[in-house]
Amino acid sequence: MIEVRDLFVTFGSGARAVHAVRGVSFSVAEGESFGLVGESGSGKSTVLRAMAGLNREWSGSMTVGGEFLGKRRRKQFHRALQMVFQDPFGSLHPRHTVNDILSEPLAIHGIGDVGNRISRGLEEVGLAPEHRFRYPHQLSGGQRQRVAIARALIISPSVLLLDEPTSALDVSVQAEILNLLQRLRRERNLTYVLVSHDLSVVAHMCDRLAIMNAGRVVEELNVERLRVRAPAHAYTKQLLRASLGYDRAEADTLEWFD
Amino acid sequence: MNTTASLLEVENLWVRFRTATGTVDAVRGVSFSLGRERLGLVGESGSGKSQTGRAILGLTAGNGRISADHIRFDGLDLARAGDREMRKIRGARISMIMQDPRYSLNPVIRVGEQIAEAYRVHTGAGRWEARRRAIEMLDRVRIRDAEKVANLYPHEVSGGMGQRIMIAMMLIPDPDILIADEPTSALDVTVRLQVLAILDDMVRERGMGLIFISHDLNLVASFCDRVLVMYGGQIMETLDASRLHEAEHPYTRGLLGCLPDLRSNADLAVMRRDPAWLAPVGGPRPGSTP
Chain A
1 MIEVRDLFVT
11 FGSGARAVHA
21 VRGVSFSVAE
31 GESFGLVGES
41 GSGKSTVLRA
51 MAGLNREWSG
61 SMTVGGEFLG
71 KRRRKQFHRA
81 LQMVFQDPFG
91 SLHPRHTVND
101 ILSEPLAIHG
111 IGDVGNRISR
121 GLEEVGLAPE
131 HRFRYPHQLS
141 GGQRQRVAIA
151 RALIISPSVL
161 LLDEPTSALD
171 VSVQAEILNL
181 LQRLRRERNL
191 TYVLVSHDLS
201 VVAHMCDRLA
211 IMNAGRVVEE
221 LNVERLRVRA
231 PAHAYTKQLL
241 RASLGYDRAE
251 ADTLEWFD
Chain B
259 MNTTASLLEV
269 ENLWVRFRTA
279 TGTVDAVRGV
289 SFSLGRERLG
299 LVGESGSGKS
309 QTGRAILGLT
319 AGNGRISADH
329 IRFDGLDLAR
339 AGDREMRKIR
349 GARISMIMQD
359 PRYSLNPVIR
369 VGEQIAEAYR
379 VHTGAGRWEA
389 RRRAIEMLDR
399 VRIRDAEKVA
409 NLYPHEVSGG
419 MGQRIMIAMM
429 LIPDPDILIA
439 DEPTSALDVT
449 VRLQVLAILD
459 DMVRERGMGL
469 IFISHDLNLV
479 ASFCDRVLVM
489 YGGQIMETLD
499 ASRLHEAEHP
509 YTRGLLGCLP
519 DLRSNADLAV
529 MRRDPAWLAP
539 VGGPRPGSTP
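Chains as they are written, first to last, in the numbering used here: chain A, 1 to 258; chain B, 259 to 548.
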C-alpha cells in the first residue's frame with residue numbers, strides 16, 4: 001500500500017542545513033498498522049508530513065496505492081490519504097462549528113448528501129447529534145480529537161496518518177480514542193501510519209514499527225519483539241528501558257546515539 | 259535521616275475560583291502532610307493537583323481564593339502569611355518548577371545570569387560569587403560544559419537542558435521543599451530519567467521534601483515514595499507508591515486499567531465515573547479565608 005524509499009528531508013541549505021530525515025525506507029501493507037517511534041527531533045513527524053504533502057523539500061521515492069507521489073499532489077490523492085494531528089486545540093478552526101469543519105472536505109471533493117454524511121460521520125466517532133452545531137471551544141479535548149478523526153474519515157480515505165493523536169489527552173480519554181481508532185481500522189480495513197513517542201501506545205496499536213533516531217531508522221521490528229522486550233539495537237533497548245519507569249541506576253548508564 | 263517528621267502540613271485546603279458562570283471549587287478540602295520524601299500527586303486534568311501545588315505557595319490566580327484550616331510550614335501558617343512573609347519563603351525555602359521551561363525562563367537574559375540572580379536575591383551574595391555558584395549548580399544538574407551553557411539564551415538550549423536549567427535555578431537557594439508540576443512531561447524518556455535522577459539525589463542527599471505533580475501513574479509508581487490520587491478536587495486515596503498497582507479505589511483502578519500495555523493490544527478498559535466518589539464535604543470553614 002505504502003512504499004517509502006530513501007527519503008531525505010533537508011531544511012535550509014549550506015552549512016546551516018538541517019538534515020531532518022536521512023535515508024528512511026519502509027513499506028506498509030494494506031490494512032496494516034505501522035508505527036514510527038522516536039524521541040523529539042528524530043524526524044518521525046517530518047516523514048509523516050512529507051508523505052501527506054505538507055513538506056515539499058524532500059527527495060527519494062514514495063508510492064501510495066501504487067501511485068508515485070510528486071511534489072504536488074492531485075486532489076484524488078488527498079481523498080485516499082488523510083491525516084490526524086497531535087493537538088486537537090490547534091487543528092480545528094476556532095470559528096467554525098463542527099458542521100462547518102466536516103462540510104469542508106465534502107465541498108472540496110464535490111461530494112453530495114452532506115447532511116446525512118455528517119450525521120453518520122459523527123455517529124461513527126461516538127459523538128451525539130447535538131455536537132453538530134457546537135464550536136471547538138465548547139467541546140472537551142477528547143471530543144475535539146473525535147471531530148478531527150471524523151473530518152479525516154468523512155471522505156472515506158484508505159490511509160490514515162496519525163501524528164501523536166493522543167499525546168495531548170488524559171489517559172482515560174486516550175483509551176477511548178485508541179479503542180475508537182482500533183475499531184475504525186477493523187471496520188473499514190484502513191491502513192495506519194502512527195507516529196508516537198510512546199512505546200506502549202505503539203505496541204498497543206501497531207503490527208510493525210520502525211525506531212527512528214537522528215533522522216534514520218535504527219531498527220524495524222515486529223511488535224512481538226517489543227512485547228517480549230527483545231529489540232536488537234542498543235538504542236531501542238535503551239528507549240524501552242527508559243520508558244518502563246524510573247530506575248536510579250539506569251539513569252547513569254544512558255548513552256548518546258547519533 | 260528522619261523521614262517521618264513532616265515539613266509541611268496541609269489541612270482542609272480549598273481553592274475557589276469566581277468565573278463568569280459561577281464559582282468553581284478546584285480544590286475541595288484537601289489534607290496531607292509532606293516529610294523528607296518524594297510525594298506524588300496524580301490525577302487527570304481538572305483534578306486540582308496543580309492548584310493544590312500553587313495554593314501552597316500562594317500562586318493562585320487573581321480570581322481564586324485560598325482557604326485552609328492551616329498550611330503549616332516551620333511554625334508558620336502559609337494560609338495566613340502576609341505578602342512580605344511569603345516572599346521570604348517563596349523560592350528560598352519552598353520552590354516550584356513548572357512544566358515547560360520555555361515559558362518559565364526569561365527569553366532575553368542569559369541562563370547563567372538568571373540562575374545567579376536567584377542566588378543573589380535569596381542570599382545577598384555578590385555578583386562574582388553568585389556566578390561561580392550558578393556554574394557549580396549547572397554542573398550538578400549534569401550539564402556538560404557549564405561555563406559555556408551559562409552564556410546561552412533560553413532559545414539556544416533544548417527542552418531537556420532548559421528544564422535542567424530551571425531545576426538549577428530552583429535548587430540554588432537550597433529550598434526545604436520543591437514542588438515540581440509535571441517537570442518531565444515535555445521531555446523525552448531518556449532525558450526524563452536524568453532529570454528525575456537529579457531530583458531523587460536532592461531528596462536523598464539533602465533531605466529535601468518533593469511534591470511531584472504528574473498525570474503519569476507508571477512514572478509516579480516507580481519514582482515516588484507515597485502517592486495521593488486526586489479526582490474532582492479531592493483526594494481519593496493515599497498509597498505507598500510501590501503498592502500503586504494494588505490500589506483499591508475504583509478511580510485509581512480505572513486509571514490503571516486504561517493505560518495501554520506493551521504486552522497486549524486488546525481493547526482498553528473505559529473509565530466509568532461514579533458520582534459517589536465525590537463525597538459531599540460541606541465547604542470551606544467560614545471565616546478561614548485570609
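In short, the hints are calculated from the structure, not lab data. Each hint should be verified, as a subset may be incorrect.
Unchecked claim - To give an idea of the interface, some chain B residues facing chain A are shown, with a C-beta separation under 10 Å as derived from the structure: (1) Asp332; (2) Leu334; (3) Glu387; (4) Val453; (5) Ile456; (6) Phe481; (7) Leu520; (8) Ser522.
All values reported here derive from a predicted model rather than from experimental measurement. Yeah, the Cβ is synthetic: ideal placement off N, Cα and C, and Gly gets one too.
Legend entry - Restraint outcome when Ser522 (chain B) is required to lie within 10 Å of chain A by C-beta distance: holds (7 Å)
Legend entry - Minimum beta-carbon distance criterion (10 Å), Glu387 (chain B) to chain A: Status violated, d = 31 Å.
Legend entry - Closest C-beta approach of Asp332 (chain B) to chain A relative to 10 Å, hint status: With a closest approach of 29 Å, the Asp332 (chain B) hint is violated.
Inset, instruction - Let me know if the C-beta of Phe481 (chain B) comes in closer than 10 Å to any C-beta of chain A, holds or violated. - result: holds (4 Å)
Legend entry - Restraint outcome when Ile456 (chain B) is required to lie within 10 Å of chain A by C-beta distance: It holds, given that the least Cβ distance between Ile456 (chain B) and chain A is near 9 Å, below 10 Å.
Inset, instruction - Classify the hint on Leu520 (chain B) as holds or violated, based on whether any CB of chain A lies nearer than 10 Å to its CB. - result: holds (5 Å)
Inset, instruction - Report holds or violated for the interface hint on Val453 (chain B), using the least CB-CB distance to chain A and a cut-off of 10 Å. - result: holds (9 Å)
Inset, instruction - Have a go at the Leu334 (chain B) hint: is there a Cβ in chain A nearer than 10 Å to its own Cβ? - result: violated (32 Å)
Hint compliance for this structure: hints 1, 2, 3 are not met, and every other hint is.
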